[in-house]
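Engineer: Chains as they are written, first to last, in the working numbering: chain A, 1 to 117; chain B, 1 to 161.
Note that these hints are calculated values from the structure, not bench results.
C-beta: ideal position from N, C-alpha, C; glycine also.
Do not rely on the hints blindly, as some may be mistaken.
As the list claims (entries may be wrong) - Below, in silico cross-link-like pairs of lysine-lysine (DSS-like), each with a Cα-Cα straight-line distance of 25 Å or less:
1. A:Lys-29 with A:Lys-70
2. B:Lys-78 with A:Lys-29
3. B:Lys-65 with B:Lys-14
4. A:Lys-70 with B:Lys-14
Stated by the list, open to error - Label-pair restraints from in silico Cβ distances:
5. A:Arg-97 with B:Gln-24: 18 to 28 Å
6. B:Pro-40 with A:Ala-57: 35 to 45 Å
7. B:Ser-42 with A:Glu-52: 19 to 29 Å
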Amino acid sequence: MGSALDIMQAVHPPRAVFLDYPLGHTTGKPHEPSLQRDILVQALTHFAAFTEPGSMAALPFRWSDDETWKDTAQRGPDDRLPRYDTPQYQTEDDRRRAETTDASCAVGVNEAPTSTG
Amino acid sequence: MSEPVGYIERIRDKYETLGFSSYQWVVNEEAPAWQPLKKPLSESRLGLIASGGIYVTGQVAFHYKDDTSFRVIPTDIKTSDLRVTHFAYDFTDARQDPNVVFPLDTLRGLQRDEVIGELSERAYTFMGGIYSARRMREELAPQLTERLLADQVDAALLVPV
Chain A
1 MGSALDIMQA
11 VHPPRAVFLD
21 YPLGHTTGKP
31 HEPSLQRDIL
41 VQALTHFAAF
51 TEPGSMAALP
61 FRWSDDETWK
71 DTAQRGPDDR
81 LPRYDTPQYQ
91 TEDDRRRAET
101 TDASCAVGVN
111 EAPTSTG
Chain B
1 MSEPVGYIER
11 IRDKYETLGF
21 SSYQWVVNEE
31 APAWQPLKKP
41 LSESRLGLIA
51 SGGIYVTGQV
61 AFHYKDDTSF
71 RVIPTDIKTS
81 DLRVTHFAYD
91 FTDARQDPNV
101 VFPLDTLRGL
111 QRDEVIGELS
121 ERAYTFMGGI
131 YSARRMREEL
141 APQLTERLLA
151 DQVDAALLVP
161 V
């Protein structure tokens, strides 16, 4: 499932559902578990409902009535962050934990990335 | 409903402004592979892969330059231990509630309610925005496929950002 319709159409996956929300909200709005559930239930029904490869459907949800977010998404400033080549932690505490984690305690939760390029 | 945002056009414009040549998007013309669901969703084991830069505190975070690594996230993890990092989308809401890009609580609820048979024990995450489609295809995708097969999932939900 995804929110970039043109990119999904280009990739052409076996099954796809489109949620017309701003990027960063592929599975719903924050702190709205009931909406998140509705979105996911509708998305998941398409696993069985689709019968042909390349099928795509739009989910019946709108981010807002006026949809002004689309103007910003289409024409707003370039707000991407620089392409740092070092790990970008959410918090300094995360960095400290990752850098001090003993590998022997790391089973499961901290399974090492298998390819760092 | 207004027209969807044209992200391919948007990114082409950004690249032009920066003086870069156009990004070569993957365009798959042929019909994709097809595998019907073998049993009802309510009896299926569901895998989850998300590209929104999710990691667990204690894991090494993603970097922003063609990071083709992935993280293994136990699906019984505490939601408050999830973190989000990404260079190309506004992750403000995702950091407040990771379920908007990594629907873990949502899927755990759907398992409880028997909408899905079960959520696989492990989910896999990476950070999208990998420029090289070749590296994605040759390095990352085969590893994730192998993992899903080993986990014996019946279906996999892909959640890109």
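Engineer: Please go over all the hints and tell whether each is borne out by the structure.
Structural biologist: Hint check results:
{"no.": "1", "hint": "A:Lys-29 with A:Lys-70", "verdict": "holds (16 Å)"}
{"no.": "2", "hint": "B:Lys-78 with A:Lys-29", "verdict": "holds (20 Å)"}
{"no.": "3", "hint": "B:Lys-65 with B:Lys-14", "verdict": "holds (18 Å)"}
{"no.": "4", "hint": "A:Lys-70 with B:Lys-14", "verdict": "holds (16 Å)"}
{"no.": "5", "hint": "A:Arg-97 with B:Gln-24: 18 to 28 Å", "verdict": "violated (39 Å)"}
{"no.": "6", "hint": "B:Pro-40 with A:Ala-57: 35 to 45 Å", "verdict": "violated (19 Å)"}
{"no.": "7", "hint": "B:Ser-42 with A:Glu-52: 19 to 29 Å", "verdict": "holds (23 Å)"}
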